[in-house]
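Engineer: For the protein sequence lines, the chains are A and B, in the order given. Heads up: the first sequence begins at 1 in full-length UniProt numbering, then just goes up one per residue. Heads up: the second sequence begins at 1 in full-length UniProt numbering, then just goes up one per residue.
Errors might be hidden in some of the hints.
[As the list claims (entries may be wrong)] Stretches of chain A that chain B covers, calculated by requiring three or more beta carbons in the stretch to come under 8 Å of a beta carbon on chain B:
no.: 1; stretch: 21 to 31
no.: 2; stretch: 137 to 146
no.: 3; stretch: 169 to 183
Calculated directly from the structure, the hints in this document are not laboratory data. Ideal placement from N, C-alpha and C gives every residue a C-beta, glycine not left out.
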Amino acid sequence: MAPHSHDHSHLTETEARVRALESLLSEKGYIDSAAVDEIVQTYETKIGPQNGAHVVAKSWVDADFRKWLEEDSTAAIHSLGYTSRQGEHIDAVFNSDDTHHLVVCTLCSCYPWSVLGLPPTWYKSPPFRSRAVIDPRGVLNDFGITLPETTKVEVHDSTSEVRYLVIPQRPAGTEGWSEKQLAKLVTRNSMIGTGFARTAEALS
Amino acid sequence: MNGGADLGGMMGFGPVVQEENEPLFHAPWEARVLGMVVALGACGKWNLDMSRYARETMPTAEYLSADYYSIWLDAAVRLLKERGMISDGELETAKALIPPVEVARKLAAKDVAAVLNAGGPANRPEEGTPVFAVGDMVQTINDHPVTHTRMARYARGKSGKIVKVHGFHVFPDSSAHGEGENPQWLYKVTFSAQELWGRQGNPHDTVSLDLWEPYLRATQ
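Same shape as in the complex, but just chain B:
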């Protein structure tokens, strides 16, 4: 979707400002939000793509001014409510008022290290062969879905070169909407800065994106 999260190429946010000796968390609640979001993953009620979509569907103006852990908190609450896991009344009173829904598992403290170390690879057993090879020129599609996509707006309808075949990966556009993993070939595609930005692009520079096969067409 063309929401607040799709930021590449926007202007007017000012310089990048580093905070000297930035702490890992700026307030205790940020640490709790991080921990809760990771722990809730074990419940199996949503996947990574669904949580990204929940974050990017925050109203655009709010997204652009929110700090990142607030975006995470807002998305987590929305996902929990959508799945009937909590209600507004419960959140207001901090008391359980409706029975819990069944979840796959509750992450125990003793399992945290193993779960974090195992991670969650996105590659899947390969099926078929990739349509494109390293060195091929491709054109990205110019679609503007209201649903989740990782085809960043600034690189739509552009010509680039395949520089790597990463493998066969879960397709976020399907996975974010409960349509299954629908794995697809994933490529690294390199664009010249001038292809993306015209005269404002530096003639020496490039930008690369990782793009799934359904985003790409052969250049005629």
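Just chain A, with the same shape it has in the complex:
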């Protein structure tokens, strides 16, 4: 549920509880608040969907890399330096004209942090987690996507430590674009399967 569903007093109560907990854990020598700062900053500034966009754009321009990604996604992604936690084992799945992939974690909130950063609230919430497996096309409609009936939807429920990364289709009209330009077309949702890459026109 979105935090705006909470009233102010609850937020204040939680904030106070978290402050008390952090101070207690520091005093008892279990955590160092500077390390907590560092972890938060890492996910605010260093680890996010720009990492995944790099992987996708590279797969669009570099046929050898794409082949490696198909055969051993983990090694191919780690070769770009994206080795961090919640990305230890990754399988890339490739959208095509016939097949659309959608990633979910019905049991908790498993998400490829190393390439997408921390998940958005909707990804962790009951509406998406409950419906992505039973009504994926309805969920896609919620994101403004209507697929042809003949397009196969493959849903990947992240039940193990293997994380899934969707490689969206390369948009038309991007022939000759550089990897860096292409990366700007790759949205977070396109790598979860709840969106497509942006069109060439969107960038111009």
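Keeping the supplied structure of chain A fixed, place chain B upon it in accordance with the hints.
Structural biologist: Positioned in the frame of chain A, the structure of chain B alone reads:
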């Protein structure tokens, strides 16, 4: 366990609503909870499967209405209390009243980058050979343990096809309960939407889950 976390196929939660320009954290406390939970991992008092079990044992009605960082906070406090690392009195007063328990290590700020980059792979040296091969049809078990399992309720007792052998991975059902890593072969298993959902399943669509060998039986 058949708790609030096992959501696949439930109905009545309404549409998926995206927040425009959603911030990474909605309040400073969410960021502190994320950082604390990651940092506490270094203490070595629990593993990932234990923390998942702590989250899913939140009372079901509460789980379904809680925001995600509250679920994390509740589970972290429960794990800390269970292991005698903190007490209720300490939490109320925000003061240490009992001596700390020994922990494996305290994560230092200078080690954060290295620890995050190293991650924590779940695969282990392979022992024996997998019973199933790509292309085999399998049947999932229909067990309803009160303990931790990743055999999602909606896919129990169903027929699917092995599409990949991921490797030899820590078995959460054991690991979550301090019974050791007990690694097992892990497979990607694909089910037709109609096998899982009957007439409500789209005839073209599939759902795949990653399932450990003890969840699977050969189809006769």
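Engineer: If a hint holds in the structure, say so; if it does not, say that too.
Structural biologist: Right, here's what the structure says about each hint:
1. 21 to 31: Holds: 10 residues of the stretch 21 to 31 of chain A have a Cβ under 8 Å from chain B.
2. 137 to 146: Contact hint for the stretch 137 to 146 of chain A vs chain B: holds, 4 residues under 8 Å.
3. 169 to 183: Violated: only 0 residues of the stretch 169 to 183 of chain A have a Cβ under 8 Å from chain B.
Hint 3 alone, counting from the list given before, is not met by this structure.
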